[in-house]
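There are 2 protein chains.
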Amino acid sequence: MSVGITKARELGVSTVGCASTGNTSASLAAYAARAGLRCIVLLPAGKVALGKLSQAMFHGADVFSVRGNFDEALEAVTALALDGELYLLNSVNPFRLEGQKSIGYEIVDDLGWKSPDRIILPVGNAGNISAIWKGIKEFYDAGFIKEVPRMTGIQAEGAAPIVRAVEKGVDYIEPVENPETIATAIRIGAPVSAKKALRAIYESEGLAETVTDDQILSAQKLLARREGIGVEPASAASIAGLIKLLDAGEIDKSEHVVCVVTGHLLKDPNTAINACKEPIEVDADINALSKILKQD
Amino acid sequence: MSVGITKARELGVSTVGCASTGNTSASLAAYAARAGLRCIVLLPAGKVALGKLSQAMFHGADVFSVRGNFDEALEAVTALALDGELYLLNSVNPFRLEGQKSIGYEIVDDLGWKSPDRIILPVGNAGNISAIWKGIKEFYDAGFIKEVPRMTGIQAEGAAPIVRAVEKGVDYIEPVENPETIATAIRIGAPVSAKKALRAIYESEGLAETVTDDQILSAQKLLARREGIGVEPASAASIAGLIKLLDAGEIDKSEHVVCVVTGHLLKDPNTAINACKEPIEVDADINALSKILKQD
Numbered sequence: 010m011s012v013g014i015t016k017a018r019e020l021g022v023s024t025v026g027c028a029s030t031g032n033t034s035a036s037l038a039a040y041a042a043r044a045g046l047r048c049i050v051l052l053p054a055g056k057v058a059l060g061k062l063s064q065a066m067f068h069g070a071d072v073f074s075v076r077g078n079f080d081e082a083l084e085a086v087t088a089l090a091l092d093g094e095l096y097l098l099n100s101v102n103p104f105r106l107e108g109q110k111s112i113g114y115e116i117v118d119d120l121g122w123k124s125p126d127r128i129i130l131p132v133g134n135a136g137n138i139s140a141i142w143k144g145i146k147e148f149y150d151a152g153f154i155k156e157v158p159r160m161t162g163i164q165a166e167g168a169a170p171i172v173r174a175v176e177k178g179v180d181y182i183e184p185v186e187n188p189e190t191i192a193t194a195i196r197i198g199a200p201v202s203a204k205k206a207l208r209a210i211y212e213s214e215g216l217a218e219t220v221t222d223d224q225i226l227s228a229q230k231l232l233a234r235r236e237g238i239g240v241e242p243a244s245a246a247s248i249a250g251l252i253k254l255l256d257a258g259e260i261d262k263s264e265h266v267v268c269v270v271t272g273h274l275l276k277d278p279n280t281a282i283n284a285c286k287e288p289i290e291v292d293a294d295i296n297a298l299s300k301i302l303k304q305d
Numbered sequence: 010m011s012v013g014i015t016k017a018r019e020l021g022v023s024t025v026g027c028a029s030t031g032n033t034s035a036s037l038a039a040y041a042a043r044a045g046l047r048c049i050v051l052l053p054a055g056k057v058a059l060g061k062l063s064q065a066m067f068h069g070a071d072v073f074s075v076r077g078n079f080d081e082a083l084e085a086v087t088a089l090a091l092d093g094e095l096y097l098l099n100s101v102n103p104f105r106l107e108g109q110k111s112i113g114y115e116i117v118d119d120l121g122w123k124s125p126d127r128i129i130l131p132v133g134n135a136g137n138i139s140a141i142w143k144g145i146k147e148f149y150d151a152g153f154i155k156e157v158p159r160m161t162g163i164q165a166e167g168a169a170p171i172v173r174a175v176e177k178g179v180d181y182i183e184p185v186e187n188p189e190t191i192a193t194a195i196r197i198g199a200p201v202s203a204k205k206a207l208r209a210i211y212e213s214e215g216l217a218e219t220v221t222d223d224q225i226l227s228a229q230k231l232l233a234r235r236e237g238i239g240v241e242p243a244s245a246a247s248i249a250g251l252i253k254l255l256d257a258g259e260i261d262k263s264e265h266v267v268c269v270v271t272g273h274l275l276k277d278p279n280t281a282i283n284a285c286k287e288p289i290e291v292d293a294d295i296n297a298l299s300k301i302l303k304q305d
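For the record, the sequence lines run as chains A and B.
Its first residue numbered 10, the first sequence is counted upward by one per residue in the working numbering.
Its first residue numbered 10, the second sequence is counted upward by one per residue in the working numbering.
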């Protein structure tokens, strides 16, 4: 987002904006505040996780709750941008991808200047998979790495236009009218970077796979309880996808796999709490506590 | 927390625990999950911010909601520890401070191996101010820095036993019976590291000051809207304290000051949302949106 905001300042615009399932708006609102720019965000009404909403609002964005889904919000904000009302900073803006591609650089850097065999990531609006592939290809072309990873995109069962396109082997998507999943960050029916994402998957001989909400939630819990890593549901989709593809034999156990999980658990605290049993209320009394602990 | 957990594993304990206003339990739950240890946390009922609660629960801790305040919860968990039920990982455990002191190292490192003139930080259970001072002194004794910062602790008006002690010039606190503040992370009446914190303030010729909840919330908003940095109320206390001490002429504008703000906005999303006006609900319609934007 910092690259996009830098561009906005270069252009001398006073207002930036985006449609968002939450994460883009949280990021844009914070960067816009720092840059002293007005920020307008359009969110699908009632479908944005609490944490993200609090970030956009608290960093002072003008938040509009749009009666419709993300795709309709994106259409509306695009129209506003074309009307000159704001500078659009969704990932349809190429400067966004220039920043996002550095995730690809970072992966290679963290692995000691080697490419993993595969990168698995959740796919919503499809900016990340497109951008990471761009970064990887640049490093490959520059001779920094000798191999490239298979780009593997995971979508929620109820919002999987890219997986459907890969199943058919085509390079275009049929938008999903009413996308639905608990993973709000990838609840998108008409990904704006669909063509680029499909190219990334095909060029890298990657895969695309769906996961159910149950698989997402169970991967989210596994990651939190076994690894101590707390992520929001959308991010857990990459782990759920890894498990499914391993079970199906599509991924080999010997592969060196990187899963991208960029959304923190705190982005969606309510989903986390709803997945747990309520705390036991007790008196601050050692005997009572001792007894309960021994029962377990 | 990683140092504390490492110690717990060395000792071969199976269960770790803490009392917490939220942040310690969130951290302990995640580390304990990674280490494969059972984790028991005691939280004051109804007084823990949503994000932190979601972390403790989702990382699989056994969460007990104690009818009482933090100080009573700490007393209860200490009794459990003395009974051998768990290994206590509040900052009364010296291995916790060994980890926390590295914040002092980091500050010096980040400033190019120089000490700032002053470090300002929120003071709740008083582990951080004690630990950071320990780290700073170690660097001073080793000759890495030639000066030391004035350690400046900020407490909420309704939970300020350390500030009261400094006002009287004594090295002990009188516990606050019913501590109260919106900054839940420092809502503590009987800080366990009070003596060490007072020593840090006196030795460094520092200060202690109170701030009101209104000052905290306004500093929180300022930081989010001017700097793009989202913190929870307790962390904003350090900024509120800086503003108050500058206004009072206690801190000079020429001083090089570091404020510690370690708690993210997402730790307490509800307080953030309550401080903002509600999003405007609109149709995904360019004309309607355009009209509203022009009105502003």
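It is worth saying that the hints were derived from the structure and are not from the lab.
Incorrect hints may have been included.
A pair counts as met if it fits within one copy or between any two copies, since identical chains are not told apart.
Said to hold, decoys possible - Dumping the calculated DMTMM-like pairs for lysine to aspartate or glutamate here, alpha-carbon to alpha-carbon at most 25 Å: (1) K300 <-> E19; (2) K146 <-> D71; (3) K230 <-> E147; (4) K286 <-> D118; (5) K286 <-> E81; (6) K300 <-> D222; (7) K204 <-> D118; (8) K253 <-> E107; (9) K155 <-> E176; (10) K16 <-> E236; (11) K177 <-> E236; (12) K205 <-> E176; (13) K204 <-> E214; (14) K56 <-> E290; (15) K146 <-> D92.
Here's how the hints hold up against the structure:
no.	hint	result
1	K300 <-> E19	neither (65 Å within a copy, 27 Å between copies)
2	K146 <-> D71	neither (38 Å within a copy, 46 Å between copies)
3	K230 <-> E147	neither (36 Å within a copy, 41 Å between copies)
4	K286 <-> D118	neither (41 Å within a copy, 43 Å between copies)
5	K286 <-> E81	between (36 Å within a copy, 24 Å between copies)
6	K300 <-> D222	neither (37 Å within a copy, 39 Å between copies)
7	K204 <-> D118	neither (27 Å within a copy, 45 Å between copies)
8	K253 <-> E107	neither (31 Å within a copy, 42 Å between copies)
9	K155 <-> E176	neither (29 Å within a copy, 66 Å between copies)
10	K16 <-> E236	between (38 Å within a copy, 19 Å between copies)
11	K177 <-> E236	neither (36 Å within a copy, 48 Å between copies)
12	K205 <-> E176	within (16 Å within a copy, 64 Å between copies)
13	K204 <-> E214	within (15 Å within a copy, 63 Å between copies)
14	K56 <-> E290	between (31 Å within a copy, 13 Å between copies)
15	K146 <-> D92	neither (35 Å within a copy, 59 Å between copies)
Taken one by one, the earlier hints fail for this structure at numbers 1, 2, 3, 4, 6, 7, 8, 9, 11 and 15, listed in ascending order.
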